[in-house]
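> Here's the letter readout for the chains.
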Amino acid sequence: MTVFKNYLKIVKQFIPTMLIYIVIFSVFAVLASSSNQESTDFAMTKPNIAIINNDSETVFINTILYYLDENSNIIEIENDINKIKDALYYNEINFFLEIPENFTRDFMKGNEPQIKTKKIPNSYSSIYMEMLLNRMLNISKVYAKAGMTEEQIQVSIKEDLTQESDVIMIDSNAPSKIRQISTFYNFTNYTFLALSVSIVAMVMHAFTSLKIKRRNYISSTSIKNINSQLFMGNFIVISLIWLIFAVIAFAMYGKDIFSTQGILFLINSFIFCITTLSIGFLLGITIRSKEAINGIINIVALGSSFLAGAFVPQELLGDFVLSIARVLPSYWFIVNNNIIADLSVMSFNNLQPIIFNIFILVGYTILFFVLTNVITKLRQKSI
Amino acid sequence: MKNVIEVKKITKKYGEFKALDNLQFNVEEGEIVGLLGPNGSGKSTSINCMLSLLKFDKGSIKIFDKEMTPESYETKSKIGVIFQDVAVFEELKVYENIDYFCGLYIKDKHVREEYVEEAIKLVGLNEFKNHLPKQLSGGLLRRLNIACGIAHKPSLIFLDEPTVAVDPQSRNNILEGIKKLNKSGATIIYTTHYMEEVEQLCDRILIIDKGKIIANGTKEELKGIIDIAEKVTVEFEELEKDYIDKIKKQRNVLDIDSKNNTFKISYKKGKNNLVNLINFLSDEKIKYNKIYSELPTLNDVFLELTGKELRD
Chain R
576 MTVFKNYLKI VKQFIPTMLI YIVIFSVFAV LASSSNQEST DFAMTKPNIA
626 IINNDSETVF INTILYYLDE NSNIIEIEND INKIKDALYY NEINFFLEIP
676 ENFTRDFMKG NEPQIKTKKI PNSYSSIYME MLLNRMLNIS KVYAKAGMTE
726 EQIQVSIKED LTQESDVIMI DSNAPSKIRQ ISTFYNFTNY TFLALSVSIV
776 AMVMHAFTSL KIKRRNYISS TSIKNINSQL FMGNFIVISL IWLIFAVIAF
826 AMYGKDIFST QGILFLINSF IFCITTLSIG FLLGITIRSK EAINGIINIV
876 ALGSSFLAGA FVPQELLGDF VLSIARVLPS YWFIVNNNII ADLSVMSFNN
926 LQPIIFNIFI LVGYTILFFV LTNVITKLRQ KSI
Chain C
-12 MKNVIEVKKI TKKYGEFKAL DNLQFNVEEG EIVGLLGPNG SGKSTSINCM
38 LSLLKFDKGS IKIFDKEMTP ESYETKSKIG VIFQDVAVFE ELKVYENIDY
88 FCGLYIKDKH VREEYVEEAI KLVGLNEFKN HLPKQLSGGL LRRLNIACGI
138 AHKPSLIFLD EPTVAVDPQS RNNILEGIKK LNKSGATIIY TTHYMEEVEQ
188 LCDRILIIDK GKIIANGTKE ELKGIIDIAE KVTVEFEELE KDYIDKIKKQ
238 RNVLDIDSKN NTFKISYKKG KNNLVNLINF LSDEKIKYNK IYSELPTLND
288 VFLELTGKEL RD
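Protein chains in written order, with the numbering used here: chain R, 576 to 958; chain C, -12 to 299.
Calculated from the structure, these hints are not laboratory results.
Computed from a predicted structure; not experimentally measured.
Be careful, since some hints might not be right.
Claimed, not checked - Here are the simulated EDC-like cross-link-like pairs (lysine to aspartate or glutamate), alpha carbons at most 16 Å apart as the crow flies: (1) R:K621 to R:E667; (2) R:K865 to C:E281; (3) C:K218 to C:E281; (4) R:K684 to R:E705; (5) R:K580 to C:E78; (6) R:K786 to C:E222; (7) R:K788 to C:E77; (8) R:K786 to C:E77; (9) C:K272 to C:E208; (10) R:K584 to C:D196; (11) R:K587 to C:E78; (12) R:K580 to C:E281; (13) R:K786 to C:D229; (14) C:K246 to C:E222; (15) R:K865 to C:E58; (16) R:K799 to C:D229; (17) R:K786 to C:E78; (18) R:K786 to C:D147.
Claimed, not checked - Here are a few chain C residues that face chain R, going by a calculated C-beta distance under 8 Å: (19) V68; (20) F88; (21) P155; (22) L268; (23) K272; (24) Y275.
Virtual Cβ for every residue (Gly too), placed ideally from N, Cα, C.
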């Protein structure tokens, strides 16, 4: 077991790196999953606006002011263009409008008098206010064209404002903890890749560098024996990393990790860990420079985490990004986490896509091992 | 003496190029055999074939009376190899490195501990047991490389230029170590570019060129097969061309090689070559600063046989 023992000795040197990764990413995972908790309090906010009215106080002007007052906070401001600009700049107001003289008369006649507005560029509040104002004026225009008087328009607008709509969140019924576990495991995509791949790749690189390989090859221990000891080392290290994250998940989410969905998360992540082992194997054996390995690991871990939706939910990623991500094992791991989180009923039909995605991960693992084997065989000719 | 290595008519081709061309030689038990050859002559290829690291096209190799194959684990257990490039784990300490490579041969932990300690002592790395390779100088690294190759006490050792880029102290240490290994019964195949090492160490020398053994014998035997028997070096103050021709016509002179005012005169076998030259210079009243005579070196043998300097 010399090879195995020395494998572990080399792995020991990665313990500080491992701890740093575990601590940092546990913190990130906690933050990310806690931001995914159901919000219990909702506070509606209104944008701050300022109005200068150069028209007389007509019923229609009062209607506009009433409508705006219902949807925003009207701030008193001096009629000075510089002060208005300052107020917008310092976010004291989000929107400013100036009603021109004879606005009511022209509007009711069917003309299109313009209300001057100023807003904060790219501000949602400003855009929202502009939208509300346009909507109100468009409705009023329709009423006016229909022959309504200013008073009738006022009544109708007030009535419209009392109408309320029911808002239904079309989202899964997943309990919040399961969602958090899903976010946690999506985050582990990066950690598993960065940590497992780098440990396996670096140790394999050490053992399979041409010089060491020649020494191993001429020894009286068979290559088969050496390889099986290396595989055992890799398997134990990967299992240990997986176990550490399972324990962290247990510490964070308690017994939910042993629910059916929790166990599915564990199985999915274990299969993904084996895939990362095969990636580490491939990189460690085929890439001959440690620096290059580190560079590639960073690209692979960060790149696939961003593309596959480990950090940002897949729903927020564009179709193009997701179509690229489909070639990455991370994508299928994360898709599976999301499906598991959305599972409401355990049935074979519901489990089928999960099993299918696990087969894809297993397929990737086999592919990487075969690729490594082919490259090793080709290189063996040049020992 | 029993043959430890029997190489019979080995041919190894890379396309049309013959790296080894009917190579044939034996190595007897307890010998230190120097394998000399210019770069690309086939030294490394022949070692790689003997170690089963390379397949060859024709011929056979027997080590310890057994056909050598990649699966000859019993034979391999008696072989130690020190490659030219330092092959150790950067991540493991000196002791751990030696223990690892020894562990590939010796399974018993106690025996291994004893062997590792002995190897450390042999190469003089006692003070550096707990150092990482990156903390060692080039010479110490070479010593570690050797310790990793011989810790399991092999009875046949291949050393491929183990003293390249090594400081004199480490080189002496390494050479002493090799002698000790040989005294303890190990047969040694040694390749190097340093003639003085070959002369100092080897019982027998094989000169290989273009994949063939072109000379095989002790250093004295090899020196005996070339025409040069003596070389006289003279540093003149000034020498006219006519005199060079006169010297060339003297008895036993084979060749004259000049660089500035220093002339190297090669003589074939014969007596009083130096005395004859001194007498000639006195008679002709030719002034010279210094004059000395040398016996031919292995480099001369090498040069005459291969047409190349050993370091080419």
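> Next, verify each hint and record whether it holds.
Right, here's what the structure says about each hint:
1. R:K621 to R:E667: holds (13 Å)
2. R:K865 to C:E281: violated (51 Å)
3. C:K218 to C:E281: holds (5 Å)
4. R:K684 to R:E705: Violated: K684 (chain R) and E705 (chain R) sit about 23 Å apart, past 16 Å.
5. R:K580 to C:E78: Roughly 13 Å between the alpha carbons, so the hint for K580 (chain R) and E78 (chain C) holds.
6. R:K786 to C:E222: violated (48 Å)
7. R:K788 to C:E77: holds (14 Å)
8. R:K786 to C:E77: Holds. K786 (chain R) to E77 (chain C) sits at ~12 Å (cutoff 16 Å).
9. C:K272 to C:E208: Violated. K272 (chain C) to E208 (chain C) sits at ~39 Å, over the 16 Å cutoff.
10. R:K584 to C:D196: Outside the cut-off at roughly 44 Å; violated.
11. R:K587 to C:E78: holds (10 Å)
12. R:K580 to C:E281: Not OK: K580 (chain R) and E281 (chain C) at ~57 Å, beyond 16 Å, violated.
13. R:K786 to C:D229: violated (58 Å)
14. C:K246 to C:E222: Status holds; Cα separation ~10 Å.
15. R:K865 to C:E58: violated (31 Å)
16. R:K799 to C:D229: Not OK: K799 (chain R) and D229 (chain C) at ~74 Å, beyond 16 Å, violated.
17. R:K786 to C:E78: Holds. K786 (chain R) to E78 (chain C) sits at ~14 Å (cutoff 16 Å).
18. R:K786 to C:D147: The hint holds at about 13 Å.
19. V68: holds (5 Å)
20. F88: holds (6 Å)
21. P155: violated (26 Å)
22. L268: Violated: closest Cβ of chain R sits about 56 Å from L268 (chain C), beyond 8 Å.
23. K272: violated (63 Å)
24. Y275: violated (52 Å)
In this structure, the earlier hints numbered 2, 4, 6, 9, 10, 12, 13, 15, 16, 21, 22, 23 and 24 are contradicted, and the remaining ones agree with it.
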